[in-house]
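Residue numbers (numbering that gives the first Met the number 0), protein chains in the order written: chain U, 0 to 94; chain S, 0 to 94.
No lab work stands behind these hints, which were simulated from the structure alone. Treat the hints loosely; a few may be bogus.
[Claimed, not checked] Simulated restraints, written as ranges between beta carbons of each label pair:
id	chain 1	residue 1	chain 2	residue 2	range
1	S	E15	U	K30	37 to 43 Å
2	U	G26	S	A63	32 to 38 Å
3	S	P85	U	Q58	25 to 31 Å
4	U	H69	S	Q23	38 to 44 Å
5	U	E86	S	R10	16 to 22 Å
6	S	A79	U	F70	39 to 45 Å
7	U	E84	S	P32	35 to 41 Å
8	U	F70	S	R16	36 to 42 Å
9	U	S60	S	R83	30 to 36 Å
10	U	P32	S	L20	35 to 41 Å
Glycine residues also receive a C-beta, built at the ideal position from the N, C-alpha and C atoms.
There are 2 protein chains.
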Amino acid sequence: MITIVAKHTVRPENIERFKALALQMVGPTRKEPGCHLYVLHQGVKDPCVLTFVEDWEDQASLDAHGKTSHFTTIVPQFAALLAREPEIDFYHLVE
Amino acid sequence: MITIVAKHTVRPENIERFKALALQMVGPTRKEPGCHLYVLHQGVKDPCVLTFVEDWEDQASLDAHGKTSHFTTIVPQFAALLAREPEIDFYHLVE
Numbered sequence: 000m001i002t003i004v005a006k007h008t009v010r011p012e013n014i015e016r017f018k019a020l021a022l023q024m025v026g027p028t029r030k031e032p033g034c035h036l037y038v039l040h041q042g043v044k045d046p047c048v049l050t051f052v053e054d055w056e057d058q059a060s061l062d063a064h065g066k067t068s069h070f071t072t073i074v075p076q077f078a079a080l081l082a083r084e085p086e087i088d089f090y091h092l093v094e
Numbered sequence: 000m001i002t003i004v005a006k007h008t009v010r011p012e013n014i015e016r017f018k019a020l021a022l023q024m025v026g027p028t029r030k031e032p033g034c035h036l037y038v039l040h041q042g043v044k045d046p047c048v049l050t051f052v053e054d055w056e057d058q059a060s061l062d063a064h065g066k067t068s069h070f071t072t073i074v075p076q077f078a079a080l081l082a083r084e085p086e087i088d089f090y091h092l093v094e
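Kindly produce the complete structure, drawing on both the sequences and the hints.
Shown next as structure tokens:
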């Protein structure tokens, strides 16, 4: 299992646009083989922070995710909305 | 639902000590009322990064968690093992 915590800090005026795009990712991504969890969260203290938490079966399913049409059309649109570089952390499960 | 991503960067010599302490948190915390998820992850690129992902039913269950004997005895021991301040992010579920 590979877990990803993908933290995006958007500019305030882009919060709703980012969320609308991100929500377009959720439905098709959850249907992908090997996707065990794909959830979008918004910061309590800072609503400009929008973070995906993702669980993937293995590297192959994650690689396939990066080649889907929803990924290649939607994710590149995130960059213009951000206030800074995203923080994408990859994890192994300990327990 | 409240989600917490609690990212700890430990000094390399403290990885195993941190994991041992963290694992002592997992069992009793998962039995707490309102705890829907409590998982420990380790960074793929940087094994010094140890991150809890937690889902709590509400603020009341999270407040109660902070008063448990395992929390008050174990969590204070984390500080001496860290290389920098932990990053504790609180989130609402979007989708």
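Hint check:
no.: 1; hint: S:E15 - U:K30: 37 to 43 Å; result: 39 Å, holds
no.: 2; hint: U:G26 - S:A63: 32 to 38 Å; result: 35 Å, holds
no.: 3; hint: S:P85 - U:Q58: 25 to 31 Å; result: 28 Å, holds
no.: 4; hint: U:H69 - S:Q23: 38 to 44 Å; result: 41 Å, holds
no.: 5; hint: U:E86 - S:R10: 16 to 22 Å; result: 21 Å, holds
no.: 6; hint: S:A79 - U:F70: 39 to 45 Å; result: 42 Å, holds
no.: 7; hint: U:E84 - S:P32: 35 to 41 Å; result: 39 Å, holds
no.: 8; hint: U:F70 - S:R16: 36 to 42 Å; result: 39 Å, holds
no.: 9; hint: U:S60 - S:R83: 30 to 36 Å; result: 33 Å, holds
no.: 10; hint: U:P32 - S:L20: 35 to 41 Å; result: 36 Å, holds
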